[in-house]
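Quick mapping for you: the protein sequence lines, in order, are chains E, C and F. So that you can map any letter, position 77 of the first sequence is 77 in the working numbering, and since no number is skipped, the others follow by simple counting. So that you can map any letter, position 92 of the second sequence is 92 in the working numbering, and since no number is skipped, the others follow by simple counting. So that you can map any letter, position 118 of the third sequence is 118 in the working numbering, and since no number is skipped, the others follow by simple counting.
Think of the hints as simulated: they come from the structure by calculation, not from any bench. Mixed in with the good hints, there may be bad ones.
[As the list claims (entries may be wrong)] To give a feel for the contact side, a few chain E residues facing chain C, derived at Cβ under 8 Å:
(1) Lys34
(2) Ala39
(3) Ala40
(4) Val44
(5) Leu46
(6) Gly47
(7) Glu142
(8) Ser145
(9) Lys211
[As the list claims (entries may be wrong)] Derived pair list, reagent style DSSO-like, types lysine-lysine, alpha-carbon separation capped at 27 Å:
(10) F:Lys178 to F:Lys34
(11) C:Lys224 to E:Lys34
(12) E:Lys126 to E:Lys211
(13) E:Lys211 to F:Lys274
(14) E:Lys34 to C:Lys274
(15) C:Lys211 to E:Lys34
[To be verified] These stretches of chain E come out as covered by chain F in the derived footprint (C-beta under 8 Å, 3 or more residues):
(16) 52-59
(17) 69-75
(18) 195-204
(19) 230-239
Every residue gets a Cβ at the ideal spot worked out from N, C-alpha and C, and that includes glycine.
Single-letter residue listing:
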Amino acid sequence: MYLTNRNSAHPLRHIFSLIATPGILTITTDFGTKDGYVAAMKGVILGINPAVRIVDISNHITPQDVMEGAFVLRNAALTFPEGTVHLAVVDPGVGTPRKPIAVRHNNQFFVGPDNGLFTLLLSGSKPEAAVELTRSRFWRSETPSPTFHGRDIFAPVAAHLSTGLALNAAGVPLNELKSLHWALPITDERGVQGWVVHVDRFGNCITNITKAQFLANHRDRLFKCYAGNAIIDTLSTTYGNVDIGDATLLLNSNDFLEIAIHRGPAAQMLDIRKGTPVNLVFSDERG
Amino acid sequence: MYLTNRNSAHPLRHIFSLIATPGILTITTDFGTKDGYVAAMKGVILGINPAVRIVDISNHITPQDVMEGAFVLRNAALTFPEGTVHLAVVDPGVGTPRKPIAVRHNNQFFVGPDNGLFTLLLSGSKPEAAVELTRSRFWRSETPSPTFHGRDIFAPVAAHLSTGLALNAAGVPLNELKSLHWALPITDERGVQGWVVHVDRFGNCITNITKAQFLANHRDRLFKCYAGNAIIDTLSTTYGNVDIGDATLLLNSNDFLEIAIHRGPAAQMLDIRKGTPVNLVFSDERG
Amino acid sequence: MYLTNRNSAHPLRHIFSLIATPGILTITTDFGTKDGYVAAMKGVILGINPAVRIVDISNHITPQDVMEGAFVLRNAALTFPEGTVHLAVVDPGVGTPRKPIAVRHNNQFFVGPDNGLFTLLLSGSKPEAAVELTRSRFWRSETPSPTFHGRDIFAPVAAHLSTGLALNAAGVPLNELKSLHWALPITDERGVQGWVVHVDRFGNCITNITKAQFLANHRDRLFKCYAGNAIIDTLSTTYGNVDIGDATLLLNSNDFLEIAIHRGPAAQMLDIRKGTPVNLVFSDERG
Chain E
1 MYLTNRNSAH PLRHIFSLIA TPGILTITTD FGTKDGYVAA MKGVILGINP AVRIVDISNH
61 ITPQDVMEGA FVLRNAALTF PEGTVHLAVV DPGVGTPRKP IAVRHNNQFF VGPDNGLFTL
121 LLSGSKPEAA VELTRSRFWR SETPSPTFHG RDIFAPVAAH LSTGLALNAA GVPLNELKSL
181 HWALPITDER GVQGWVVHVD RFGNCITNIT KAQFLANHRD RLFKCYAGNA IIDTLSTTYG
241 NVDIGDATLL LNSNDFLEIA IHRGPAAQML DIRKGTPVNL VFSDERG
Chain C
1 MYLTNRNSAH PLRHIFSLIA TPGILTITTD FGTKDGYVAA MKGVILGINP AVRIVDISNH
61 ITPQDVMEGA FVLRNAALTF PEGTVHLAVV DPGVGTPRKP IAVRHNNQFF VGPDNGLFTL
121 LLSGSKPEAA VELTRSRFWR SETPSPTFHG RDIFAPVAAH LSTGLALNAA GVPLNELKSL
181 HWALPITDER GVQGWVVHVD RFGNCITNIT KAQFLANHRD RLFKCYAGNA IIDTLSTTYG
241 NVDIGDATLL LNSNDFLEIA IHRGPAAQML DIRKGTPVNL VFSDERG
Chain F
1 MYLTNRNSAH PLRHIFSLIA TPGILTITTD FGTKDGYVAA MKGVILGINP AVRIVDISNH
61 ITPQDVMEGA FVLRNAALTF PEGTVHLAVV DPGVGTPRKP IAVRHNNQFF VGPDNGLFTL
121 LLSGSKPEAA VELTRSRFWR SETPSPTFHG RDIFAPVAAH LSTGLALNAA GVPLNELKSL
181 HWALPITDER GVQGWVVHVD RFGNCITNIT KAQFLANHRD RLFKCYAGNA IIDTLSTTYG
241 NVDIGDATLL LNSNDFLEIA IHRGPAAQML DIRKGTPVNL VFSDERG
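Required output: the full structure, derived from the provided sequences and hints.
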């Protein structure tokens, strides 16, 4: 489970791979960074694995927005090495019977509530392994706080996994995970209808239409994209390909179709928000 | 002072405890994360102890709100291992004669201004040891900036403590610490009056009434809790025990009485803010 | 390139300097911390150098504000040890022909776009070395995403530098860097005119007038400072030297002239924002 550090040019890489790199643990929550809740989890984690590398993916997920957590986690997890443990707590059902789980997928580990948080990264495939977390000896206490499973169940289990604990030691096998209703875009003879699933800090509007879906429909034809108050007919490779203030479509760094404005916030300027429909209509003419 | 790492399942834990874990250092400030002030402290710290683990507890304490800093620090510090050094800088009196101090409590170390920041974690007990920071050889320079003791005094002293420096090497013993006026709830024959001391990101309202105080008065009797525009008569173990949109009392993960709404922000919906009185009146009937 | 850890009191410092401290890597961006973009870079970095220490300087630079990024980076970088690698991505021109570069200055390394981000820390001097990043074998892929050079070019190159890669292995020498138009204050016989270049979280207003410039003009004479709606005639060593609510000048912890109010936000109270002119007029009388 330790990082194999294949690409490193470091002359001491063999020593590192044995001693100094006992795992990476990421955190994705809707806890914010003001109240100290994330730090309380880190205290627990470092008490179990003092040498782990902790990376915050995001602690600013909109409160209780499982879909947003799933989207941000999926995109960031892609860049982490094998063996990384991802702790994710966006958990409106804390204390109710929803299950605490751990999952292995692409040789990474995911720990959190069974409420669909891991749907997007699995993208329809079955996980390599999944367990319900039932072994309280790996929890912070036998009687976890019913309002803070992040600190008392998920964080300590994630920390133990980062030390090399086997997944099936943490609980009992689970065959079926809860899945988010992540509606796929609708395709018909005229085009594709999807919608905006995330607005980022720059006001870029990311849709649920994948690069593959767009290209399969595009086939170099002219198109019009209706979204918010805009009709967009250009596809650019980068923001700077259109004039400042102009809107364009892009295939973004995570291979989703994105609506952007060069040096401006597309969401505010085009009256788009999360959930806004995006209609792509293709003409018969070539672009 | 190194972490003893008692719970770790890691097979190399003995090597880690000797080499790879020279201490954890947490940071709690009102500096925000935009201006680079916290990073300036981390640069100083890593120059002194390049192997230390730095964890941000919170850098979003309301500017100059010592009470909020004390509250957040107290709750998060509880989960950290023995030997952890906590650097805390909420310091409206920087550059005035308030003392720079370091304190040992529960085998953890706390470094910051003597303005009451450590009152809540001490909760009435005397610290195991306390010093006024007078040894400028452990500072960044003999002439620290009068507006940034965090960078020039507190951070370097905390870093030196994390390398194993003895507390009494950093300064001269101090017998009395400044204390926050942290009014305790008032109890009479009808009930308990406390108030809201923190509103978290979810709008949960945390009171200064402890679990022990609540239970001692409750004794399974019916009650009414008056706070903001609400009268609450239920105590739940978790948010999901009441209907969506309903308010309830909880005994929270840090053993304080909390006012919450299932999937809603209690503070906004009930017109509660920090400082709002909370009146608990108990009836003679059993619940 | 490893930290020499000269000041540490740690008894194992020799072992640390060989094994456990393979470099510090800082991050300065306008990406925010919600969307997971910074974490995507950290995943790439840790895949290359699993033992690196990552420190966020700021991820809350105002979107596309290169000047603000340059200012925050310059101030924080000063406190970091030699050998530190600073990754900085405020990059409105991503995907356009602006060059990706790496620079050595004061034995620290800086990686980012060639758009002036490093102007302030160089402060007019030539860098010790600079290269255009042309060696794609140190990138995440031969075909980096045109909208996320942070993840696909800058982060992996910075990570390789932190493992000890030589600067000139990463690209071809570059003689001229782009420079920000960072207008210096204007000095005449009556005084100095500068302006506010940064407003921090506390509402403190930092000008582009350096301590040296101020003192050279001041020579203990009385003065009036006109800024926003205020006329200020006091210079203090710390905020607490004036009454609560009063405005004062300070020479701040980074040796710039600053306008502050004791326990109040000067920017809001004095109607000052980034770009507001600051006029210092000196009288012939001594203060």
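Cross-check of the supplied hints:
no., hint, result
1, Lys34, "holds (4 Å)"
2, Ala39, "holds (4 Å)"
3, Ala40, "holds (5 Å)"
4, Val44, "holds (5 Å)"
5, Leu46, "holds (6 Å)"
6, Gly47, "holds (4 Å)"
7, Glu142, "violated (14 Å)"
8, Ser145, "holds (4 Å)"
9, Lys211, "violated (33 Å)"
10, F:Lys178 to F:Lys34, "violated (31 Å)"
11, C:Lys224 to E:Lys34, "violated (31 Å)"
12, E:Lys126 to E:Lys211, "holds (23 Å)"
13, E:Lys211 to F:Lys274, "violated (41 Å)"
14, E:Lys34 to C:Lys274, "holds (15 Å)"
15, C:Lys211 to E:Lys34, "holds (23 Å)"
16, 52-59, "holds (count 6)"
17, 69-75, "holds (count 3)"
18, 195-204, "holds (count 4)"
19, 230-239, "holds (count 3)"
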